[in-house]
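Protein chains: 2
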Amino acid sequence: MVLSKSFGYALRGILYVALLKDEGRNVSIDEIASRLSVPRHFLGKIMKAMVKAGILSSVRGQQGGFFINERTLGTSIGAIILLTEGKNYFSTCLLSLRQCNADNPCPMHNRVQEFRNGLQNIYGQTTIGDLLKEDKPGFINSITTGVK
Amino acid sequence: MVLSKSFGYALRGILYVALLKDEGRNVSIDEIASRLSVPRHFLGKIMKAMVKAGILSSVRGQQGGFFINERTLGTSIGAIILLTEGKNYFSTCLLSLRQCNADNPCPMHNRVQEFRNGLQNIYGQTTIGDLLKEDKPGFINSITTGVK
DNA sequence: TAGTAAAAGGACATTTATGTCTTTTTAAGG
DNA sequence: CCTTAAAAAGACATAAATGTCCTTTTACTA
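So the protein lines, in turn, are chains U and V. Going letter by letter, the first sequence gives residues 0 to 147 in numbering that gives the first Met the number 0. Going letter by letter, the second sequence gives residues 0 to 147 in numbering that gives the first Met the number 0.
Any given hint could turn out to be false.
One copy or two, either will do: identical chains are not told apart, so a pair holds if it fits within one copy or between any two.
[As the list claims (entries may be wrong)] Only pairs whose alpha carbons sit at most 30 angstroms apart, straight line, appear in this in silico DSS-like list of lysine-lysine:
hint	residue 1	residue 2
1	86	4
2	44	4
3	132	4
4	51	86
Hints are computed from structural coordinates only; laboratory data are not their basis.
Go ahead and model the full structure; you've got the sequences and the hints to work with.
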């Protein structure tokens with residue numbers, strides 16, 4: 000697959016929390032999971048990972064939940080990919096070869112590198128805050144209708 | 000971006016057979032699997048799928064094995080991706096949203112579409128024959144050293 | 001300070017991708 | 001024919017990703 004389901008859940012989850020940033024409340028995992036139609040406990044683990052990575056915050060207890068912190072809006076999509084897909088996402092060889100890089104390219108390497116780099120740059124430059132700025136009327140809807 | 004192991008096996012398998020096209024013999028699954036260091040039976044299924052799709056040929060029995068046919072060299076990498084990843088590989092939404100296309104784009108869609116299209120075009124235009132033309136001394140080696 | 005609501009944590013279950021083994025079919029060669 | 005070597009087919013096994021459930025910790029509230 001292009002990106003894992005975990006990535007989609009993570010991005011939609013953090014976006015949902017960020018979208019509600021002016022409501023002055025913490026957002027519970029129950030609310031997020033039900034609005035995004037995503038498995039509650041699985042999402043919980045992913046949100047927890049983002050909290051652990053410091054790009055989102057949470058508090059336990061009554062009135063607890065998730066909320067953005069000083070890093071959230073500046074977090075790049077690439078950082079979330081790193082979290083869910085691991086550090087080799089943009090460098091794994093397309094032919095599953097051991098050694099494949101600019102010095103020792105596989106038969107596909109040079110042909111696609113330009114576009115892989117382009118994608119990586121876009122992902123690295125685009126932040127949660129950037130996506131929020133696109134907040135058109137349909138934006139919330141566009142993240143709440145998940146696939147399957 | 001990031002393709003399955005099955006795709007890597009398929010491409011390396013068909014390339015290996017194509018590379019030996021002038022030897023005037025059929026190439027057995029045992030030879031391919033051992034040269035590519037790929038699971039024999041798993042590779043067998045993938046090769047069979049390519050035969051079924053008509054982009055490669057095979058004969059059973061003694062002296063049997065795989066060999067290229069009139070379509071092999073003109074087969075695009077994209078066609079093999081279609082076989083191993085399914086028809087939605089280039090159109091699945093990056094946020095795992097149900098509806099995401101040019102008319103109804105998700106927050107990421109427009110930002111990455113240029114590069115996704117670029118990749119898709121490269122994959123669609125590049126054929127097995129094109130890769131063969133790169134047959135430098137290290138080419139066979141470059142497909143035989145698989146990862147993990 | 002007891003009750004409650006929330007995240008965190010961990011064990012278990014299911015599904016999908018990957019990998020292995022055995023049997024069947026088929027063709028060539030003696 | 002009979003043996004042999006090969007792909008094809010299908011059953012089974014393992015690993016990784018995804019999903020569910022239960023318990024623990026923590027903070028608010030009454």
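Structure-based check of each hint:
1. 86 - 4: both (17 angstroms within a copy, 18 angstroms between copies)
2. 44 - 4: Both. Shortest intra-copy (13 angstroms) and inter-copy (27 angstroms) distances satisfy the 30 angstroms Cα cut-off.
3. 132 - 4: within (24 angstroms within a copy, 38 angstroms between copies)
4. 51 - 86: within (17 angstroms within a copy, 37 angstroms between copies)
Comparing the model with each numbered hint stated earlier shows that all of them hold.
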